[in-house]
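> For reference, the chains in residue letters:
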Amino acid sequence: MTDLPTRSIDLKAVLSGSSPTADHSEGMSYLQSVPRRIVTLYLPLTIIVVVLLFPFYWMALTAVKPDEQLLDMETYNPFWTWSPTFKHFHKLLFESYYPHWLWNTMYVAVCATVLSIFASVLAAYAIVRLRYKGAHLVGGLIFLAYLVPPSILFIPLATVVFQYGLFDSPLALILTYPTILIPFSTWLLMGYFKTIPFELEECALIDGASRWQILVKIVLPLAVPGLISAFIFCFTLCWNEFIYALTFLQSTSNKTVPVAIVNEFVDGDIYRWGSLMAGALAGSLPLVILYAFFVEHYVSAMTGAVKE
Amino acid sequence: MADVVVPRAKPQMSEAYAWNQLKHNRNWLGFWFMLPAMAILIFFLAYPLGLGIWLSFTDTRIGRVGHFVATENYEWLWDDSIFWLSVFNTLLYTFLASAFKFGIGLYLALLLNENMPFKAMLRAMVLIPFIVPTVLSALAFWWIFDSQFSIISWSLKHLGLISQNINFLGDTTWARICVIFANIWRGVPFVAITLLAGLQTVSPSLYEAATLDGASRWQMFRHITYPLLTPIIAVVMTFSVLFTFTDFQLIWAMTRGGPVNATHLMATLSYQRAIIAGQLGEGAAISSAMIPFLLAAIMISWFGLQRRKWQQGESND
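Heads up: the sequence lines are chains C and Y, in that order.
The end of the first sequence is residue 308 by UniProt numbering, with every number in the run present.
The end of the second sequence is residue 317 by UniProt numbering, with every number in the run present.
The following block holds chain Y by itself, in its conformation from the complex (with noise of 0.2 Å):
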């Protein structure tokens, strides 16, 4: 039919057909709309993503245009004590994190969730940590623990519970103690507050069933808010797993790695290497090796969500 009608229009007659396409179609109205956004996207995401990868089988350097090494760079990197100790950092940094920011986050939206005075100023006040920058309330974490002038050493002593000042951020075990209670303490709002959310959409008529059966308070958790809950348990431990397995601010302010590469994470331990030390293609190599650890975490997010939609009984609008 298509070549039928086409060589029969004028010549303007195109024109214009081409024009009102250009204003109408769906498509390309799609398309205009949607260049802005993808512009952004495509030059400042897409292409440093995959620029990136390029860049870790390179061994440029900054202000030198460097060659196609292959493997090299992943192969020091394995023999590198310093990398699997930021790996190991790393991991360790990110479970224990993510764990107690789920168990306290739950607890306390659960908290929240209870009726009580001052709720609404109770529940504004608790996301403040959020929304200060990380790293000016990890300058304060810094402060406080100081090692000479620590509020927390010297309540300690006043106590009696201690003699000497704990060396808060000079000591390998206490420094990597210090920096995951401070992203602790970051994350837990976020993760309250979103389960808070996702708390609220629970229909009070179960729990009113539930009493009425005879339930226990835990019983009724275990089996009426959790399950209701997993789906959006599920994605926002996805993302906080992610924000901290890539976390580098409040390291860097808190304490730049040290003690002795005790709390180098992969993302501070390549911008060490790439900017500081100016080995673009080593720092490109540790953090094109945290993708595969960011694949698993969104593999699981996209479970999460299948799962979300099945419960709640949604269309795939």
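Here chain C stands alone, though its shape is the one from the complex (with noise of 0.2 Å):
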């Protein structure tokens, strides 16, 4: 895509397992025969995986379930249906405030990432090319940051959400959501800028141009791949919210979906989980397709951010 250097870790090469140097194990792998690798390789590897993805299949079943199969369990084959229905979606859709709650869960993503990505970059280029003085203190400090958890900063940043009239309103993620986003995308981003040449720099320095056309016409084009990594991991972390939201959050058409999930889906009904588990699916599924296509971004991001 770009003409950076490679990194110490070939990225594309934990997924695709293309790198020569990744697969070492085929030089060798005549030592080991068929049935063995059977045993060692392909039985544990397969119990794994399906126990991580049955969550997800039970979710698709019991939603496109009819409320009837779903409870009786002896008459049909729990495993499987013959007669799925789309009621419970139509109920999520049609009888829910389920497309507001979508809405406000992207626009909340959605913003609180381009102001991260937009603070981040400028804090990155800072930290590793303009090397002002206590540059890798504000880098420790910002590591630092990346550490401290959403689950004791909550109750004081409750009482800040309040005193600034932030309360009940998206707004009041917009901002705090980019205390857990700026950290991260600022070490991600740093990684990505000190593999861009020095030297382009120069050449744009001598020739006149800002430390800001630098950054615009020069360093972010150089960075897409990073960009996207950060762009992406964000908007993950951001839907993933969830204790932010439940707390700074009242009215029910202003709540994100995995709140609104847990808190107005959950009552008494016996039927509730067909809905319950469609709620999930259709929340689930946006970043399932974002992640089916940029699959290398979020292990470079991921891997990213523990490596730089």
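Calculated directly from the structure, the hints in this document are not laboratory data.
Under 8 Å between C-beta atoms, here's a sample of chain Y residues computed to sit facing chain C: (1) F44; (2) L45; (3) L111; (4) I128; (5) W143; (6) F190; (7) F248; (8) A253; (9) L280; (10) G283; (11) L294.
Bear in mind that the values here come from a model prediction, so they are computed numbers and not experimental data.
The beta carbon of each residue, even a glycine, is placed where N, CA and C say it ideally should be.
From the two separate chains plus the hints, produce the assembled complex.
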């Protein structure tokens, strides 16, 4: 995609296994017989993958099963259904606030992500390339900020949000989510910016470009893969966030999907499972689709943040 | 020197000089570039962090300004058996979940590092539990562990292993096992994929040399893979421990701390006391009590990072 120098870990290789250094097992796999490989490799792998994916299968199956089949496990085989129904999705879309909640989640996630990426790009560039006095210290502090978990911040943040008059407004989430996202994406982008040759910037400086022009016209185009990684990972984190959304939002129509499903759909009705699972499925699908398109970027974001 | 230069400059010159300084001096430029990130982190992270510690020394309630009560909240918690139960639960939850996440994650990483068909697809599929929002998969687990219609109870009954439905989330021991299982399920993909990235930096020639020397697979793992992987293990596990220790959403979606507080973690207890019961001061004291544990985890991470640089022979860039 770009002519960046290869990083110490070839991230694409993590998923595709295409890098020559990754395939060391091919050279020595003849040492293992086929039956032995089945027992030591395929069998445990199959078990783990089945366990990891079963809850999603179960979620999807429950979402399309008719109610009577859900609760009658003796007459019908619980592992399959021959008469799928979209009743639960219909209820979700037309008899609840679900479209509202999806929109809120999307809106908060996009705004918070854009805000964080903007702040992180500037911060990461300043730390890596401007090297102002104390840049190292600030880099370390930002790493520490990454380690401060939301569950010790939500109580004081609730009072802060109240003081600023942001309670029960999406703005409360748009301003507080970046505290989780900025440390993460700053570290990720610092790693990317370090790989961009310094000489390119020197040339631009000699040609009279300002720092801002260098950032926008030279550094950012070269860091596009890093930006995509940071963007989709931040978006996922926002979508996933629960405790702030639970604490700072009150009215039903303002809630985000995770909070709304837990609070609004859970009632005493024994027939709630179908629509509950339909809601969970519909809330996960946008992320899974995004993931399917950007698998490599997810992995590079995940490993990048840990490695840098 | 500076004293001599400044008085000689004409007023408009010095103004232009100051403006130039703001535009080109690297420290000032650094300041402008850091401004947005720093503003958000100071107002919404550093300030609340300090405020939280202050609140823990007051008797603040929702809608009422608190007064300084010194360590009264902590003394109260010291005699509170539910608080100690939540500390015990948190430690048990963190320890068991992290140990299993590490074991299964490392094993899965080693398996995925082998050469086999559909490798790329398998690796992509493994990560899905990490992508899906925790609360939503916790709901799926809630349904899987339902007391009447659990698919696990059904399967075990039809295999003839049990005669009664297991009351998964209603029995204290089972409830703990279930939430720990769900946490492991959620965390394994992260550990596995990050360790896999680390595994791929290990040079294959080391394994070839070891094979020629007659090393067994276990010896290769013990003396090549594991030492080269230690630095990344340290970092990954610190993150894993940190996020397991402060977990909230999984518990809240599955059990809300019940049955009889058996699955209350410190985070869920502080939410219950602070937001639901309105005792902000007491809730803040519970969450402040988590800070020493978190500091310990951060120290471990710091030493892990140091060791990594040393092992890779990197300069301190």
